[in-house]
Amino acid sequence: MTLTDIARQVALAAVLTGLITPPAYAQQARVIVKYRDGSTLVRQSDPGGRVSALAARTGLQIRTERKLTDRLHLVEAKGIDTQQLANRLAAQADVEYAVPDRRKQVRAIPNDPLFSMEWYLQSTEKSAINATGAWDITTGSGDIAVAVIDTGVRPDHPDLAGKFVTRDDGSVYGYDFVTEPLIANDGDGRDPDPSDPGDFITQADVDGQEIFKGCPVGNSSWHGTMVSGILAAGSNNSIGVTGVGWGVRVLPVRAMGKCGGYDSDIIAAMYWAAGLPVEGVPTNTHPARVISMSLGGSGTCSAAYRDAVAQIVAQGTTIIVAAGNDNGPVEEPGNCAGVLAVAGVRHTGGKVGYSSFGPEAGIAAPAGNCPNGDPCGYPFITTTNDGKQSPGNSIYTDRSAHVALGTSFATPLVSGTAGLMLSVHPGLAPASVMARIKGTAVAFPAEAGLPSCSTGTNADQQCNCTTGTCGAGLLNTRAAVNDALRPEARIAAGEAMAGSAMTLDGSSSTAATGRRIASYLWLLANGNGVVTALSGTDQAQASALPSVNGTFVVSLTVTDDQGATDTSTATIAVGLATSSSSSAASSVSSVPANSGGSGGGGGGGGGAADPLMLAGLAALAAISYGLRRTIKPAATDQARPPR
Amino acid sequence: MTWRSAPAAPAAHLSTRLVAVLLLPLMAAACAQPAPVPTRSTQVMIALPPDVRADDAAWLRQLARAAGSTVHFGANMSSGWAAYRMDCVTQDPDCSQAIDRLRASGLVRAVERDARKSTR
Chain A
1 MTLTDIARQV
11 ALAAVLTGLI
21 TPPAYAQQAR
31 VIVKYRDGST
41 LVRQSDPGGR
51 VSALAARTGL
61 QIRTERKLTD
71 RLHLVEAKGI
81 DTQQLANRLA
91 AQADVEYAVP
101 DRRKQVRAIP
111 NDPLFSMEWY
121 LQSTEKSAIN
131 ATGAWDITTG
141 SGDIAVAVID
151 TGVRPDHPDL
161 AGKFVTRDDG
171 SVYGYDFVTE
181 PLIANDGDGR
191 DPDPSDPGDF
201 ITQADVDGQE
211 IFKGCPVGNS
221 SWHGTMVSGI
231 LAAGSNNSIG
241 VTGVGWGVRV
251 LPVRAMGKCG
261 GYDSDIIAAM
271 YWAAGLPVEG
281 VPTNTHPARV
291 ISMSLGGSGT
301 CSAAYRDAVA
311 QIVAQGTTII
321 VAAGNDNGPV
331 EEPGNCAGVL
341 AVAGVRHTGG
351 KVGYSSFGPE
361 AGIAAPAGNC
371 PNGDPCGYPF
381 ITTTNDGKQS
391 PGNSIYTDRS
401 AHVALGTSFA
411 TPLVSGTAGL
421 MLSVHPGLAP
431 ASVMARIKGT
441 AVAFPAEAGL
451 PSCSTGTNAD
461 QQCNCTTGTC
471 GAGLLNTRAA
481 VNDALRPEAR
491 IAAGEAMAGS
501 AMTLDGSSST
511 AATGRRIASY
521 LWLLANGNGV
531 VTALSGTDQA
541 QASALPSVNG
551 TFVVSLTVTD
561 DQGATDTSTA
571 TIAVGLATSS
581 SSSAASSVSS
591 VPANSGGSGG
601 GGGGGGGAAD
611 PLMLAGLAAL
621 AAISYGLRRT
631 IKPAATDQAR
641 PPR
Chain B
1001 MTWRSAPAAP
1011 AAHLSTRLVA
1021 VLLLPLMAAA
1031 CAQPAPVPTR
1041 STQVMIALPP
1051 DVRADDAAWL
1061 RQLARAAGST
1071 VHFGANMSSG
1081 WAAYRMDCVT
1091 QDPDCSQAID
1101 RLRASGLVRA
1111 VERDARKSTR
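These protein sequence lines are chains A and B, in that order. Counting from 1, position 372 in the first sequence corresponds to residue 372 in the working numbering; the numbering is continuous, with no gaps. All you need for the working numbering is the position in the second sequence, starting with 1, plus 1000.
These aren't lab readings, by the way, just hints derived from the structure by calculation. As the structure is a prediction and not an experimental result, all values here were calculated from the model. Incorrect hints may have been included.
As the list claims (entries may be wrong) - Only part of the chain B face toward chain A is listed, based on derived beta-carbon distances under 7 Å:
1) R1065
2) A1066
3) M1077
4) S1078
The C-beta atom is built at its ideal place from N, Cα and C for all residues, glycine as well.
Just chain A, with the same shape it has in the complex (with noise of 0.2 Å):
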């Protein structure tokens, strides 16, 4: 081992050190240097006595002179930054070589066997996340909870073992919300019993049952189990898989049986999953921050769903919801105004081609598919079940026996993403989340001899993915949980009337843990003739003298201790019938002010559905019903997953 091995070593020990505690002198310069036999100022035994020699020696500020071994010393100074450092004290005539002492990142690669299969956590495909990434970042607060409305789950999957919210004795917390017993296949309706007894259709059940008719005959699908395991399987243990969101954990709410579940039941779980009222259902003691949807249907958003995302979203939760499986229309309620809708993508970044797609789609994240036909290049391995009917043994999906893709499984992956940005900042709105999602995706690629797509067109082919289409481009999570690090700005008003002063109150602003906003900064953006200056503008609280009714629009940046910005926007109404106590401002948009991402996506997402094309497209959606079922391997990258 070479002495510059050996002082590679020892920065990184001393910078591993700092991780854990990070220094508040981070900004200052730090050189590791090399001084040759005979130097003064490795006889020098005294710390403040080399200090004095170097300083004095150099000119430069010095602040600690450490030695790491006889020879090799740590040097610090202020003023000047690192490189600069080290070049001069490489010209010093007793230095063998000076260089700056750089900071390393702990690199969190878990030890579960199946964890090389994970291509999509990993960075090497084109559209995988990059998750490995977040983690050296953060592995997830098991205080964040991602509830996962689904099928129920399979609690003694060893892979899953304290991987959800539990009661006080440890057993999984959660509910099932399937009200019709031949549904819920567990002999009753709604229950605080969450796990999964089984979704197998026979010939018997179309047959004998109304309720089954036309429903696909296959075997259970354990697909909450599978989303489940995408989201937060034990990572580090040793076994099977890692979730995304490795530490963060899951609620499972029930709302899929037999054969689907009713739009009254999903929508039930979802307010309860937020901590909202549901009557007869005791309240959710432990509401989950992120709801994680990988359901849909045909149809516009209704005013049922609207009415529940609106309330959740207020709330506090963001919703992530699958965009589709039938190469259409976003289904509901993945199309509904302020959910994350998500888009698959293959391998190499382009739609694949059972995706359904459109303007509501805002992210778009790897779904699965088999170039190759069986045995599958990139599918999701995760937890499942062996189980025809019934529970059986805990297994793993794999790459021909029991393939799982679809967006049921790139809707885990921008979940736990959530879940991961939420550990680091538990204060950032649904609206931040989701905004920085797409605003640190990377740009969707353009593979050579595959079209754009498009909406005007049905056809059942891949495309390259555009941001009319897939949303604001590729999930990037370690980019995503780096932005979450941005403190957040947030604007409330006071009544506005005019002649009155009124109070600009940013202090519910908020910053990642462990950092404190340090600075706040108030701009008049447009006065529009209502307000013509503000005061205190550096303070948390500003104040405005409306002269005039109207509206005036007014911008917030504020700064962290560690320099991380951000800046929202506010349409301030004075004297309008809508102004109130709470809330006058009419508007209030974020603006991410500096993005930690790789950048390149930006746009994309939101917006109503068109209900012409939706319509037009639901028979479609209705004969395909059938085909989401069981699990087994597509032939093509075109072929729709299995349900």
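With chain A fixed as given, assemble chain B onto it according to the hints.
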């Protein structure tokens, strides 16, 4: 699920019955139309007005009168929405007309079909 229901048709008056009995042979011969009979049911989601208990018997009767169909309580969805099952008759097999009548009545804030979704 325990469905709590209210019948759609109010009791007929005696005089009405008498007229009906007298006219029955004539009507049968002229039209040969069968009386409306429930064929199947459909589930709907209803946005409740304030201060209404979703499974209240009087409320169910109001819904039934407005819809012209038997309405059964299904399940609560939130503080403002609940699921119901409506019996559909031969002449209105998917309850479209009953739903339209309910919407037009002004009794409820909104009515939506309670459709099935599937996992993706």
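Hint by hint, here is what the structure shows:
Contact between B:R1065 and chain A, as hinted, is not supported at the beta carbon level, the nearest pair being about 23 Å apart and thus beyond 7 Å. Checking B:A1066 against chain A by beta carbon gives a least distance of about 18 Å; that is not within 7 Å, so the hint is violated. Hint status for B:M1077: holds, given a least beta-carbon distance of 4 Å to chain A, under 7 Å. A distance limit of 7 Å between C-beta atoms decides the matter here; for B:S1078 the minimum to chain A is near 4 Å, and the interface restraint holds.
Hint compliance for this structure: hints 1, 2 are not met, and every other hint is.
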